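Chemist: Residues per chain, in single letters:
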Amino acid sequence: MDLAQGGPATALGVPSIDVAAVLPLLIIFTAGAVGVLLEAALPRQQRWPAQVALSLASVVGAGVALAFYATGDFERLTTFRAEEASSGALAVDAPALFLWGTLLALGLLALLLIADRSVEPGGAFVSRAALRGNAGGTDTLTTEKTFTGMQTEVFPLTLFALGGMMTFCAANDLLTMFIALEVLSLPLYLMCGLARRRRLISQEAAVKYFLLGAFASAFFLYGVAMLYGYAGSVHLADIANAASGTDRSDTLLFAGFGLLAIGLLFKGSVGPFHTWTPDVYQGAPTPVTGFMAACTKVAAFGGLIRVLTVSFESTSWEWRGVLTAVAIVSMAIGAILGLTQRDVKRMIAYSSVAHAGFLLVGAMALTEDGLSATLFYLLAYGFTTLAAFGVISLVRDSSGEATDLSAWAGLAKRSPLVAAVFTFLLLALAGIPLTSGFVGKFAVFEAALSDGMAPLVVVALVASAVAAFFYLRVVVLMYFSEPAPDGPAVTVPGAFTTTAIAVGTIATLVLGVLPTFALDWASAGGFTF
Amino acid sequence: MTWLLALILLPLIGSAAVAVLRNNRRVAKLTAFVFSLATLALVVPLWLSYDPDGERLQQTSSMDWIPAWGIHISFGIDGIALVMIAVIGLLVPMVVLLFGVTDKLPSGRTPGGFLSLILLQQGLTIAVFAATDVFLFYVLFEVMLIPMYFLIGNYGGANRQYAAVKFFLYSFLGGLIMLASAIGAYSLAADELGQGTFDWQTLTEVVSQAPLTTQIWLFLGFFVAFAVKAPLVPFHTWLPDAAGQAPIGVAVILVGVLDKVGTFGFLRYSLPMFPDASAELAPLVLVLAVAGILYASIVAAGQQDMKRFIAYVSIAHFGFIALGIFAFTEQAQVGAVTYMLNHSLATGMLILVLGMVIARGGSTKISDYGGMSKVTPLLAGFLLVAGLSTMSLPGTNAFISEFLVLLGSFESRPVYAILATIGMILAAIYVLWTYQRIMQGPVRGDALVGAGGGPGTAQAPAKAARKAIKDVGSRELIVLVPLVALIIGLGVYPKPVLDTVTPSVQPTVSVGEGEGNE
Numbered sequence: 001m002d003l004a005q006g007g008p009a010t011a012l013g014v015p016s017i018d019v020a021a022v023l024p025l026l027i028i029f030t031a032g033a034v035g036v037l038l039e040a041a042l043p044r045q046q047r048w049p050a051q052v053a054l055s056l057a058s059v060v061g062a063g064v065a066l067a068f069y070a071t072g073d074f075e076r077l078t079t080f081r082a083e084e085a086s087s088g089a090l091a092v093d094a095p096a097l098f099l100w101g102t103l104l105a106l107g108l109l110a111l112l113l114i115a116d117r118s119v120e121p122g123g124a125f126v127s128r129a130a131l132r133g134n135a136g137g138t139d140t141l142t143t144e145k146t147f148t149g150m151q152t153e154v155f156p157l158t159l160f161a162l163g164g165m166m167t168f169c170a171a172n173d174l175l176t177m178f179i180a181l182e183v184l185s186l187p188l189y190l191m192c193g194l195a196r197r198r199r200l201i202s203q204e205a206a207v208k209y210f211l212l213g214a215f216a217s218a219f220f221l222y223g224v225a226m227l228y229g230y231a232g233s234v235h236l237a238d239i240a241n242a243a244s245g246t247d248r249s250d251t252l253l254f255a256g257f258g259l260l261a262i263g264l265l266f267k268g269s270v271g272p273f274h275t276w277t278p279d280v281y282q283g284a285p286t287p288v289t290g291f292m293a294a295c296t297k298v299a300a301f302g303g304l305i306r307v308l309t310v311s312f313e314s315t316s317w318e319w320r321g322v323l324t325a326v327a328i329v330s331m332a333i334g335a336i337l338g339l340t341q342r343d344v345k346r347m348i349a350y351s352s353v354a355h356a357g358f359l360l361v362g363a364m365a366l367t368e369d370g371l372s373a374t375l376f377y378l379l380a381y382g383f384t385t386l387a388a389f390g391v392i393s394l395v396r397d398s399s400g401e402a403t404d405l406s407a408w409a410g411l412a413k414r415s416p417l418v419a420a421v422f423t424f425l426l427l428a429l430a431g432i433p434l435t436s437g438f439v440g441k442f443a444v445f446e447a448a449l450s451d452g453m454a455p456l457v458v459v460a461l462v463a464s465a466v467a468a469f470f471y472l473r474v475v476v477l478m479y480f481s482e483p484a485p486d487g488p489a490v491t492v493p494g495a496f497t498t499t500a501i502a503v504g505t506i507a508t509l510v511l512g513v514l515p516t517f518a519l520d521w522a523s524a525g526g527f528t529f
Numbered sequence: 001m002t003w004l005l006a007l008i009l010l011p012l013i014g015s016a017a018v019a020v021l022r023n024n025r026r027v028a029k030l031t032a033f034v035f036s037l038a039t040l041a042l043v044v045p046l047w048l049s050y051d052p053d054g055e056r057l058q059q060t061s062s063m064d065w066i067p068a069w070g071i072h073i074s075f076g077i078d079g080i081a082l083v084m085i086a087v088i089g090l091l092v093p094m095v096v097l098l099f100g101v102t103d104k105l106p107s108g109r110t111p112g113g114f115l116s117l118i119l120l121q122q123g124l125t126i127a128v129f130a131a132t133d134v135f136l137f138y139v140l141f142e143v144m145l146i147p148m149y150f151l152i153g154n155y156g157g158a159n160r161q162y163a164a165v166k167f168f169l170y171s172f173l174g175g176l177i178m179l180a181s182a183i184g185a186y187s188l189a190a191d192e193l194g195q196g197t198f199d200w201q202t203l204t205e206v207v208s209q210a211p212l213t214t215q216i217w218l219f220l221g222f223f224v225a226f227a228v229k230a231p232l233v234p235f236h237t238w239l240p241d242a243a244g245q246a247p248i249g250v251a252v253i254l255v256g257v258l259d260k261v262g263t264f265g266f267l268r269y270s271l272p273m274f275p276d277a278s279a280e281l282a283p284l285v286l287v288l289a290v291a292g293i294l295y296a297s298i299v300a301a302g303q304q305d306m307k308r309f310i311a312y313v314s315i316a317h318f319g320f321i322a323l324g325i326f327a328f329t330e331q332a333q334v335g336a337v338t339y340m341l342n343h344s345l346a347t348g349m350l351i352l353v354l355g356m357v358i359a360r361g362g363s364t365k366i367s368d369y370g371g372m373s374k375v376t377p378l379l380a381g382f383l384l385v386a387g388l389s390t391m392s393l394p395g396t397n398a399f400i401s402e403f404l405v406l407l408g409s410f411e412s413r414p415v416y417a418i419l420a421t422i423g424m425i426l427a428a429i430y431v432l433w434t435y436q437r438i439m440q441g442p443v444r445g446d447a448l449v450g451a452g453g454g455p456g457t458a459q460a461p462a463k464a465a466r467k468a469i470k471d472v473g474s475r476e477l478i479v480l481v482p483l484v485a486l487i488i489g490l491g492v493y494p495k496p497v498l499d500t501v502t503p504s505v506q507p508t509v510s511v512g513e514g515e516g517n518e
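So the protein sequences, as listed, match chains A and B.
Counting in our numbering, the first sequence tops out at residue 529, every number present.
Counting in our numbering, the second sequence tops out at residue 518, every number present.
Simulated from the structure, these hints should not be mistaken for laboratory data.
Treat the hints with caution; some may be incorrect.
Below, a list of computed lysine-lysine pairs in the PhoX-like style, where the Cα atoms sit at most 25 Å apart [stated by the list, open to error]:
id, chain 1, residue 1, chain 2, residue 2
1, B, Lys29, B, Lys470
2, B, Lys104, B, Lys495
3, B, Lys29, A, Lys413
4, A, Lys413, B, Lys104
5, B, Lys470, A, Lys413
These stretches of chain B come out as covered by chain A in the derived footprint (C-beta under 8 Å, 3 or more residues) [what the hints assert, rightly or not]:
id, stretch
6, 177-188
7, 384-391
Which residues of chain B face chain A? A few of them, derived with a C-beta cut under 7 Å, are [claimed, not checked]:
id, residue
8, Met63
9, Ile66
10, Gly153
11, Tyr162
12, Val484
13, Leu486
The structure presented is a predicted model; accordingly, all values stated were derived computationally and were not measured.
A virtual CB, placed ideally from N, CA and C, is assigned to each residue, including glycine.
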């Protein structure tokens with residue numbers, strides 16, 4: 001497991017790598033690299049089928065490898081953790097396996113959404129914006145003008161981002177974590193700018209995300225530097241030892257922790273570090289938004305909860321107050337600003353800020369219950385959000401996606417099924433019982449309450465009630481309002497999008513009604529280091 | 001499978017069947033009616049198999065749901081739940097039968113969806129009364145809001161969107177606060193037993209031993225949810241909007257049964273689980289109850305809109321029920337429980353009859369009517385019976401309940417009882433005055449006079465109105481006659497209900513008695 005074993009040059013040996021454990025990672029990264037080659041080697045017409053087949057196969061293959069490792073050889077898993085991982089760069093422990101599974105499942109659905117070409121000709125990532133109408137220009141290449149190909153670079157980018165996320169939530173030292181952070185972020189910045197039909201808003205989103213993301217990375221790196229100065233090591237476990245066993249300067253420790261936390265909270269779009277979220281969610285192509293909303297959150301909170309549990313558990317009394325305030329701010333911002341939104345994607349963005357607050361409540365609990373609750377919440381939230389963005393991508397008018405709320409009025413009359421599915425997903429986001437959103441909230445609140453955070457739970461409950469209002473507003477619009485005469489039409493989705501929405505919706509229902517199996521997985525074990 | 005499970009599942013199956021058949025109006029209506037009648041028929045063996053002096057919970061069944069948190073899907077009934085289940089079993093067929101007579105759907109809505117939601121609501125409501133797992137109760141308590149939300153929002157009056165959202169948010173927020181308390185009780189049990197559980201009986205045993213401060217916090221969480229639902233002043237403001245905008249049939253179920261979940265919750269959850277806190281905070285509840293009786297009675301008398309009038313009448317009655325529950329005497333609590341039944345019958349009939357008036361006049365404003373008894377004498381008679389039952393005249397069903405509540409609470413809380421008695425006088429004022437404005441005097445009002453045709457008929461409005469407006473039809477008679485029979489029957493011979501309810505109330509009373517009468 002010593003992928004990045006440091007040390008003087010003389011001591012450089014062959015690192016011991018448990019290939020079976022990191023096989024899912026290897027598959028994803030290899031497939032990403034192969035995808036880049038395909039992009040260069042294949043003629044344009046063949047790229048889409050090749051890339052789609054490659055990405056889907058690699059994600060499924062990684063999932064199979066993960067399943068084999070997690071189920072077939074659990075004995076070895078435990079011994080391996082005890083011996084090898086203590087100085088390793090990656091910790092493939094039970095939470096990491098759960099997070100990997102979550103990321104792969106969500107990544108698969110996101111890939112399906114990204115690959116879809118039926119909703120709009122050529123998909124959201126069409127290579128030429130000019131395809132819509134006579135966007136004046138030279139027509140020297142008439143063959144290319146009718147070609148509705150897709151910018152297939154998005155597939156390797158997605159795979160790299162996915163691999164980065166998986167590394168991020170298994171990273172056992174801060175440097176690995178930082179590299180993983182960059183590996184997951186850089187492709188995302190690019191992917192945000194890929195909406196060629198709505199070029200300005202998309203590129204604006206990409207630039208905003210990049211600039212703010214770069215700041216957040218810098219904060220993270222400063223934090224790493226300070227913690228290194230404090231503990232003399234970037235290993236999470238060493239920081240914990242240093243914090244409990246010495247009387248070194250607390251200033252370094254807490255300044256380091258604060259900067260590190262800012263970087264992590266930024267990625268998780270926790271308020272008040274959320275300011276990029278609404279713009280980026282709105283501007284990015286909807287499938288990418290779905291991918292970001294679901295998977296980035298999983299990675300960010302996976303990393304955050306690992307850092308909090310492994311490195312900073314002994315000092316939890318010092319930082320818990322600060323994070324409590326952050327959680328409250330996040331829930332309040334999400335719930336209250338969500339009320340004022342007129343755009344569906346921005347509304348879901350603020351909802352994700354509120355959800356980040358709820359997740360933080362669970363992540364702070366630092367108990368077994370808190371860990372499993374947070375993991376379950378991430379899984380549940382990811383499926384629901386992805387399906388929701390899938391539905392959003394279907395509702396369109398002549399100028400593309402109709403994300404303005406007024407366009408959704410009376411949708412239930414025109415397409416009852418889409419309205420019903422979206423209503424169900426909104427109810428799940430609101431946390432109504434019999435949906436996964438409720439079980440997740442319940443688990444998180446239960447963990448927080450048992451860990452003595454009753455006031456925070458009450459605030460969270462009030463925030464859920466406030467947030468329920470803006471979800472309901474959409475339901476009201478869809479069901480109780482008369483449709484506008486020139487309202488949007490609902491595109492009949494192709495097999496890819498249909499599968500993604502169906503799987504997301506069914507998962508939301510199953511995790512809400514019969515959550516036991518997923519809860520068992522989530523509570524299979526704690527972090528090792 | 002117990003009778004109870006069958007009773008929960010049957011309406012749900014019916015709801016799905018109607019939803020499938022919704023495109024054929026006639027078949028959908030018939031299916032809905034058959035299912036609602038079959039549900040009513042199932043109430044009979046349930047009632048017969050219930051032994052009032054047997055176990056506290058009967059017809060029990062249980063299966064694991066989420067073992068990690070000790071959550072079961074378990075059902076069972078006591079006498080209180082039995083009575084409430086019987087009431088909704090009785091009211092739903094009436095609503096289905098009168099569908100189309102009293103309710104005019106907004107344009108573009110089909111009856112299939114409406115009836116399917118009504119049956120769904122019925123199944124969920126029965127399940128709420130039957131749940132014996134606190135988590136399951138919470139889940140049903142919230143899920144139950146969804147069909148009602150769509151019933152009001154899709155099929156209600158002009159201001160239905162506002163009313164539906166307000167209804168949902170009030171109850172949802174109340175429910176969430178209850179959830180916090182439920183989790184609190186759960187972690188208390190987890191500390192005490194080593195393994196958390198949501199089983200009502202186990203949880204009750206553990207939590208009722210908790211220190212007073214803990215109990216008070218947990219009690220308040222449940223109290224807010226139930227006070228919103230019941231509704232007690234000042235948590236009541238959603239009801240006039242919701243009931244005012246809901247279609248008549250929905251208003252019957254909302255006011256008649258759904259709101260009783262609140263008072264039922266006081267009896268099933270608040271009192272047994274938090275006995276010390278209940279006794280400690282009883283004065284608070286009693287103040288709200290009596291304030292509600294007086295305030296809502298006065299406001300009811302001033303209402304211009306018939307449906308809002310009913311809402312305020314109900315709020316006043318819920319004050320009486322809460323007074324009875326928190327007076328901690330057996331008489332008062334038996335009175336409160338039978339009041340829950342009798343209020344459903346009396347108010348249910350009042351809503352239905354006023355719905356018939358509205359269906360004839362096409363307006364909900366009281367001032368649009370006048371002298372209607374000259375046009376539809378039979379309807380006027382039914383309104384009078386419903387009204388008299390609402391004001392608890394001796395000989396009607398509600399009298400015995402109100403009498404027991406006042407008698408029982410006078411023993412332990414004389415001041416509150418005396419203040420509440422003023423509510424009886426106010427009840428006579430609002431009922432009789434409303435009846436007088438609608439039914440008595442010369443035929444007048446836009447709804448009646450306008451119905452006769454053009455302005456040329458103004459010289460003989462009564463004659464013209466009589467031509468245009470028909471008296472009670474056969475379908476309406478089928479619904480109203482059994483209600484009148486029950487109202488008078490239970491007024492003269494309330495013993496069967498009292499016998500069923502009394503043993504179920506006794507444990508709650510003994511729970512509160514220790515501290516309640518100090």
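Chemist: Look at each hint and say if it fits the structure.
Modeler: Hints versus structure:
1. Simply put, Lys29/B and Lys470/B have alpha-carbon atoms about 24 Å apart, close enough for the 25 Å limit, and the pair holds.
2. This hinted pair does not check out: Lys104/B and Lys495/B have alpha carbons roughly 39 Å apart, beyond 25 Å.
3. Distance check on the hinted pair: Lys29/B and Lys413/A sit about 22 Å apart at the alpha-carbon level, within 25 Å; holds.
4. The hinted pair formed by Lys413/A and Lys104/B meets the criterion: a straight-line CA distance of about 19 Å does not exceed 25 Å.
5. Among the hinted pairs, Lys470/B with Lys413/A is inconsistent with the structure: their alpha-carbon atoms are about 36 Å apart, more than 25 Å.
6. Given as covered by chain A, the stretch 177-188 of chain B passes the check, having 7 residues with a CB less than 8 Å from a CB of that chain where 3 are the minimum.
7. Only when three residues or more bring their CB closer than 8 Å to a CB of chain A does the claim for the stretch 384-391 of chain B stand; here the count is 0, and the claim is violated.
8. Interface hint status for Met63/B: violated, as the beta-carbon distance to the closest one in chain A is roughly 12 Å, over 7 Å.
9. Taking 7 Å as the C-beta contact cut-off toward chain A, the hint placing Ile66/B at the interface holds, the least distance being around 5 Å.
10. For Gly153/B, the interface hint holds, the least distance from its beta-carbon to any beta-carbon of chain A being 5 Å, beneath 7 Å.
11. Among the interface hints, the one on Tyr162/B is violated; its C-beta lies about 9 Å from the nearest C-beta in chain A, farther than the 7 Å criterion.
12. The interface hint given for Val484/B is broken, as the beta carbon of that residue sits about 37 Å from the closest beta carbon of chain A, more than 7 Å.
13. Contact between Leu486/B and chain A, as hinted, is not supported at the beta carbon level, the nearest pair being about 35 Å apart and thus beyond 7 Å.
The structure does not agree with the numbered hints 2, 5, 7, 8, 11, 12 and 13 stated previously, though it agrees with the rest.
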